[in-house]
Every structure is written in structure tokens, then in C-alpha cells.
Amino acid sequence: MSKTRRVASCLTLAAQADGRQVTTIEGLASAEGELHPMQQAFVDCDALQCGYCTPGQIMAAVACVNEGHATSPDQIREYMSGNLCRCGAYVGIVAAIQDAAPKMRRA
Amino acid sequence: MPPFTYQKAATAADAVSAIAAGGAGTRFLAGGTTLYDLMKLNVEVPSHIVDINSLSELKAFDTSGSNELVFGALARMSDVAADPRLIRDYHRAFESLWRAASQQLAQHGEPLRKSTPAHALRLLSGGEPFACNKRKPGKPAAPPRKASIAGHALRAGANPALPFIG
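Chains A and F, in that order, are what the protein sequence lines are.
Be aware that the first sequence starts at 1, since it is given in the working numbering, and climbs by one per residue.
Be aware that the second sequence starts at 1, since it is given in the working numbering, and climbs by one per residue.
The set of hints was computed from the structure by calculation and includes no laboratory data.
For each residue, glycine too, the CB sits at the ideal point set by N, CA and C.
Hints may be right or wrong, so weigh each one.
Simulated pairs of lysine-lysine, DSS-like, Cα-Cα distance not exceeding 25 angstroms [stated by the list, open to error]:
id	chain 1	residue 1	chain 2	residue 2
1	A	K3	A	K103
2	A	K3	F	K59
3	A	K3	F	K8
4	F	K59	F	K8
5	F	K8	F	K40
To give an idea of the interface, some chain F residues facing chain A are shown, with a C-beta separation under 10 angstroms as derived from the structure [claimed, not checked]:
id	residue
6	G32
7	Y36
8	D37
9	I49
10	D51
11	Q107
Let the hints inform the model, and build the full structure from the sequences given.
And the structure:
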């Protein structure tokens, strides 16, 4: 089990996170501004349209890879199934995760 | 959302005394997936919340026994569903957990043992009973229920008697 756990912010009181480290989409890029491999892959694969769901999609995608659940398109779809995209960018999202997973493992 | 107070219980005994002392408006908080939803709809309006997520003894489960499996009330769905013995020898149980919630919720902390009061699902925000339109076997489909849709983004203001087109 990885040390970190994904949580839905809409189901977490701020008080519940007291004393814990929290990473949000704003904390993924490096201090120099270089995008996280998953952020770059979302750009490269056109994995968004309106962008409303994108922070949650990217955080869930990073968790999906870190948990070791990005080994096939079917597995990616299953582990990303809690994140809905009304624009229907799913094809690009799956492609982005497949693109970023090996880069994240190397990093 | 009306204000409420929040307390993290350190031990099971703490949690029990807090709920006993807190009165009718006190609620336990485990995964929160039901409580917060209902709070946002004003169905649940707790005055005090007792967070029981620190009670690690309730998160444990043991699937090594030959005649019984033991699950703590706070065992997380995703943790139980990843148990090798459950997957190998109790595949139906594994599958039902796997299908019960998306990974987003199962990993968020959806506890195995949920306590959703039936009345909470049947009350509108004003406390008015919510007609159930579940179809009875052998009978035609029930008429569309009159649900409160005032808070819904797309259907607010629409005629609730019209069939929902999602």
C-alpha cells in the first residue's frame, strides 16, 4: 500500500486534514514551473475540453499510476471510473495516463 | 450549511461518551460519503460531529480463520477488496465490494459497515416524506415521483411531474 491516499475534497472537512500533508493540483509542478509528467501528458494528448474536471482527473490519474493500476487501458478505465467528464474526453485521458505512466516510473 | 462543532475521538470509549453526551443532533463521521451529501441537501443538520477515523482498532480485519472472517466496522472497502484470501476463497464477496463503489469512493474511506438511515433517503429538505416510485413486481411502472429538484443544476424550476431525462 502506498503511503499516500487519494481523497475527494468535496467529502473531506478541512479539520479532518489537520496535521497531514495535502497535495492538490497546484502542488504537482516543480518549483521552477516544470509540469508534472501527467500534466504534460494531458496537454499532449488533448485530454480535456472545458477543463472543469481536469484537476480531479489528473490527481486521480497520478494516484492510479502510483497505486500500480495503470497497466492496461481496461484497468485505467476501471480505476478512473469515479471521475466523470461531461465533455467526453475519456479517450484522451486514457491515452495521457498510458503516456505518463512509464515517465512517472522513471522519474 | 448551518454551523456545527467537530471533534476527533481518540478512543472508542471517547466516541461512545461523545455521542451519549451530544444529544440528538450528534452524528458519527466515518467515510462521510453519506453524511456530507445529506448535509449539503439539508436532510442531515448535525450540531456536532464525532470523527471516528482515528480508531485504528476498528479498521482491522482478519480473513485467516477457517470458519469465520472478522471485519472491523471501519474496514475500508478498498482495503478489504484487495485482500488476497478474500479474492481467492470468497470471490463473490470480493466482487460485490469491487462493484459497490468507484475506486474514488472506495479508496476515499467508504467503510464496509455503513449506516444510512432509511428515513434520510425518504425525506425532502423540509422533512416532507419522499414518495418511493419503486416498481412492484407484476404491476405497471409507478408514476413519476414528485422529488425536490430545486437544488439541482439542470432541472431546477422544471415541472417535477415530467419524466427525468438525464
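Results of checking the hints against the structure:
For the hint pairing A:K3 with A:K103, the CA-to-CA distance comes to about 20 angstroms; that is within 25 angstroms, so the pair holds. At roughly 16 angstroms between alpha-carbon atoms, A:K3 and F:K59 fall within 25 angstroms of each other, so this suggested pair holds. Proximity of A:K3 to F:K8 is assessed by CA-CA distance (about 22 angstroms); at most 25 angstroms being required, the pair is judged to hold. A threshold of 25 angstroms between alpha carbons decides the hint, and for F:K59 with F:K8 the separation of about 16 angstroms falls inside it, so the pair holds.
Straight-line distance between C-alpha atoms of F:K8 and F:K40 comes to about 21 angstroms, which keeps the hinted pair within the 25 angstroms bound. Below 10 angstroms, beta-carbon pairs count as interface contacts, and F:G32 has one with chain A at about 5 angstroms; its hint therefore holds. Residue-level restraint check for F:Y36 holds (minimum Cβ-Cβ distance to chain A is 5 angstroms; threshold 10 angstroms). Interface restraint check: F:D37 against chain A, minimum CB-CB distance 8 angstroms, threshold 10 angstroms, status holds.
Interface restraint check for F:I49: the shortest CB-CB distance to chain A comes to about 8 angstroms, inside 10 angstroms, so the restraint holds. Annotation: F:D51 was flagged as interfacial toward chain A, and the flag holds, the nearest CB pair being 6 angstroms apart, inside 10 angstroms. Annotation: F:Q107 was flagged as interfacial toward chain A, and the flag holds, the nearest CB pair being 6 angstroms apart, inside 10 angstroms.
Taken one by one, the earlier hints all hold for this structure without exception.
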